[in-house]
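A.B. asks: These protein sequence lines map, in sequence, to chains E and P. Residue numbering for the first sequence follows full-length UniProt numbering, beginning at 1 and increasing consecutively. Residue numbering for the second sequence follows full-length UniProt numbering, beginning at 1 and increasing consecutively.
These are computed hints drawn from the structure, not numbers from a lab. Errors might be hidden in some of the hints.
[Said to hold, decoys possible] Some residues of chain E that are not near chain P, with every Cβ distance over 10 Å (derived):
{"no.": "1", "residue": "Val12"}
{"no.": "2", "residue": "Ala28"}
{"no.": "3", "residue": "Leu38"}
{"no.": "4", "residue": "Ser80"}
{"no.": "5", "residue": "Val93"}
{"no.": "6", "residue": "Leu99"}
{"no.": "7", "residue": "Pro102"}
{"no.": "8", "residue": "Thr151"}
{"no.": "9", "residue": "Glu161"}
{"no.": "10", "residue": "Ala194"}
{"no.": "11", "residue": "Ile209"}
{"no.": "12", "residue": "Pro224"}
{"no.": "13", "residue": "Gly255"}
{"no.": "14", "residue": "Leu272"}
{"no.": "15", "residue": "Ala291"}
[To be verified] Distance windows between CB atoms, simulated:
{"no.": "16", "chain 1": "E", "residue 1": "Glu170", "chain 2": "P", "residue 2": "Arg129", "range": "49 to 57 Å"}
{"no.": "17", "chain 1": "P", "residue 1": "Thr10", "chain 2": "E", "residue 2": "Pro228", "range": "36 to 44 Å"}
{"no.": "18", "chain 1": "P", "residue 1": "Gly29", "chain 2": "E", "residue 2": "Tyr298", "range": "52 to 60 Å"}
{"no.": "19", "chain 1": "P", "residue 1": "Gly29", "chain 2": "E", "residue 2": "Gln299", "range": "54 to 62 Å"}
{"no.": "20", "chain 1": "P", "residue 1": "Pro20", "chain 2": "E", "residue 2": "Gln197", "range": "26 to 34 Å"}
{"no.": "21", "chain 1": "E", "residue 1": "Phe39", "chain 2": "P", "residue 2": "Ala167", "range": "51 to 59 Å"}
{"no.": "22", "chain 1": "P", "residue 1": "Asp125", "chain 2": "E", "residue 2": "Thr26", "range": "46 to 54 Å"}
{"no.": "23", "chain 1": "P", "residue 1": "Gly39", "chain 2": "E", "residue 2": "Leu138", "range": "54 to 62 Å"}
{"no.": "24", "chain 1": "E", "residue 1": "Ala27", "chain 2": "P", "residue 2": "Ala167", "range": "37 to 45 Å"}
{"no.": "25", "chain 1": "P", "residue 1": "Asp128", "chain 2": "E", "residue 2": "Leu70", "range": "52 to 60 Å"}
Don't be surprised by glycine CBs; every beta carbon is placed ideally from N, CA and C.
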Amino acid sequence: MTIAAAKRRLPVSERLRRSLSNGRVTAALVLLPPALILFSLFVMLPLGESAYYSFFNWNGYGTPTEFVGLENFERIAGHSIFHTAVGNTLKIVAVSLFLQMPLALLLALLIHRKTPTNAVFRLIFFLPYILAEVAAGLIWSFVFDGNYGITASIAGFFGAESFFILADREWAFAAVMTVIVWKYFGFHMMIYIAALQSVPEDQIEAARIEGARRLQIVRYVQIPHIKPAIVVSAFFAIIGALQVFDVIIPLTNGGPSNQTHTIVTYLYTFGLTRLNIGFGSAVGVILFIAAITVALFYQRIFMRGKQA
Amino acid sequence: MSEVQLQNITKSFGAMTVIPNLNLTVPDGSFTVLVGPSGCGKSTLLRIISGLEMPSSGDVLIGGQDVTLEEPSKRGISMVFQSYALYPHMTVAQNIDFGLRLARMPAAEREARVAEAARILALEDYLDRKPGQLSGGQRQRVAIGRSIVRHPKVFLFDEPLSNLDAALRTQMRVELAQLHQSLDATMIYVTHDQVEAMTLADQIVVMNAGRIEQVGAPMELYDRPQTEFVAGFIGSPKMNLLPGSAIGQEEVKTVGIRPEHIAVTGEGGDWPAVAQVVETLGADTVVYAKAERIGDVTVRLPGNIRLKAGERLSLTPERANLHLFGHDGRRMEVVQ
Chain E
1 MTIAAAKRRL PVSERLRRSL SNGRVTAALV LLPPALILFS LFVMLPLGES
51 AYYSFFNWNG YGTPTEFVGL ENFERIAGHS IFHTAVGNTL KIVAVSLFLQ
101 MPLALLLALL IHRKTPTNAV FRLIFFLPYI LAEVAAGLIW SFVFDGNYGI
151 TASIAGFFGA ESFFILADRE WAFAAVMTVI VWKYFGFHMM IYIAALQSVP
201 EDQIEAARIE GARRLQIVRY VQIPHIKPAI VVSAFFAIIG ALQVFDVIIP
251 LTNGGPSNQT HTIVTYLYTF GLTRLNIGFG SAVGVILFIA AITVALFYQR
301 IFMRGKQA
Chain P
1 MSEVQLQNIT KSFGAMTVIP NLNLTVPDGS FTVLVGPSGC GKSTLLRIIS
51 GLEMPSSGDV LIGGQDVTLE EPSKRGISMV FQSYALYPHM TVAQNIDFGL
101 RLARMPAAER EARVAEAARI LALEDYLDRK PGQLSGGQRQ RVAIGRSIVR
151 HPKVFLFDEP LSNLDAALRT QMRVELAQLH QSLDATMIYV THDQVEAMTL
201 ADQIVVMNAG RIEQVGAPME LYDRPQTEFV AGFIGSPKMN LLPGSAIGQE
251 EVKTVGIRPE HIAVTGEGGD WPAVAQVVET LGADTVVYAK AERIGDVTVR
301 LPGNIRLKAG ERLSLTPERA NLHLFGHDGR RMEVVQ
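Assemble the whole structure, with the sequences as input and the hints as a guide.
C.D. replies: What follows is the structure, given as structure tokens:
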């Protein structure tokens, strides 16, 4: 009989007595409650509440009484602006993955070595990330201003007619995505720089001796080495894209004609500002499920190898 | 023909010159070991030969061709690193044929070369494994395999055995010597371990502070060290380096005598001494003694000699085997 099997056969009282005597239960009783209470109070409770409100037609005042079942979800599913918001969020995911991350990787490869010049460039590229989102949104709203902005000056320089890109239904969201890429590429770049600095120099030197050119070293040595960092950065990019909010409000406030909403600005505009707390909560639940799905996929696909 | 010549090589990092004007010829097919203490410039010299480091001035010639400005991959060299520098995401086979794939060699020939290297290095069973699943010795063999398949003119080794445990190091030393015999290629090997240098080399280059102290065959360095530094560096246990007064010659700064060239007699020897520590190694007994007015003296005796710490000894050096060094640290040629 194995030791594990012997343990299983012990009566409950005996197992409890042993656990108590070796201090494991005491440790759990002492150490678990603070984290458990805080997590329940600030994460589980609001989530549960939000899920509860999503079944009510409620304006946020008093106690919710008008139970509407899944009606809020039905309204969301049929709302064209929600479709646009989801589409926009997916566009941000795509731009983050296929434009922002490659750009960040390219810059990281150029400036990852520790030199004084590179340190200056690193700081410059990281600055947008340090800037508050609302400030960044405001700065870019000035840049894009058709009357006084830099784009107006550029258009004027080439003798072209001034244009108001943030008021253009076709192009406003492209401008928003430009700001998002500008704002967050520095963050991803820093992740890559940290990872690239940990690539052993002799592996790169060995590749040089083997005849690898610069791009081949990047492809065969550096990128495989920083793959875990790329995966983490992709995870942050997707989760970040699902949360984009404070850059959009000062830039377009979701306009023109509700063309530049993301899921969160949609929640804010149609849930909070219009006092449809039940409706907003339903959007929140959908967003939560989306985020959880991404996290689970990440866990399943990328963390699998690490558990062994 | 793969002789390596270094002509007037100087290397400076900023204001610091680590190699001042060095000349060296590594004969074709030789196993040359660069040996010296940490920071003596031996690894820098190897990196200059490999092309990973550019000399500040001077020329590097391989097989008679000036390769000073050539890329590492164009020099016909291969290098084995101290850390092995294997790619963790590639299998053993992929690690070994990485350079061949880069050179777009046909698959059939690549496979043949990998198979040959795997056979020579007994790696056949591990070709599909990742480096992380291998032991230190196996990783070292993969790194050597990566060198072999490129059929280089010159093999460079940068302290390849220093990450292995003592037993494995001895085994790999033998394997490297066999490899050199079977490949008949020029090998340049950097180490700080004089035992590795003595056992592997047919030419040893002893370096100190960026300069070459002496170049020669192992026994030449052992029997006739040209400088006090070489005398103290080559040989284990180390040569005794005593003041000239020990043999009554005040004009001699240092007199060297190897531990095996000192006889222990009961009475009437030259240096009365007391045994401090006795190491019984089996084949040898090494005695660390303190001699009156001279200082510490190490003596190597046959293994069957039984001595105890604290025992009084009388030591007599073999006159024919004294090495005398002047105030410039160089060997003095003295007629006995």
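A.B. asks: Now tell me if each hint is right for this structure.
C.D. replies: We went through each hint and held it up to the structure:
no. : hint                              : in the structure
1   : Val12                             : holds (43 Å)
2   : Ala28                             : holds (35 Å)
3   : Leu38                             : holds (39 Å)
4   : Ser80                             : holds (47 Å)
5   : Val93                             : holds (27 Å)
6   : Leu99                             : holds (26 Å)
7   : Pro102                            : holds (20 Å)
8   : Thr151                            : holds (45 Å)
9   : Glu161                            : holds (53 Å)
10  : Ala194                            : holds (18 Å)
11  : Ile209                            : violated (5 Å)
12  : Pro224                            : violated (4 Å)
13  : Gly255                            : holds (48 Å)
14  : Leu272                            : holds (48 Å)
15  : Ala291                            : holds (30 Å)
16  : E:Glu170 <-> P:Arg129: 49 to 57 Å : holds (55 Å)
17  : P:Thr10 <-> E:Pro228: 36 to 44 Å  : holds (43 Å)
18  : P:Gly29 <-> E:Tyr298: 52 to 60 Å  : holds (56 Å)
19  : P:Gly29 <-> E:Gln299: 54 to 62 Å  : holds (57 Å)
20  : P:Pro20 <-> E:Gln197: 26 to 34 Å  : holds (33 Å)
21  : E:Phe39 <-> P:Ala167: 51 to 59 Å  : holds (52 Å)
22  : P:Asp125 <-> E:Thr26: 46 to 54 Å  : holds (51 Å)
23  : P:Gly39 <-> E:Leu138: 54 to 62 Å  : holds (56 Å)
24  : E:Ala27 <-> P:Ala167: 37 to 45 Å  : holds (43 Å)
25  : P:Asp128 <-> E:Leu70: 52 to 60 Å  : holds (54 Å)
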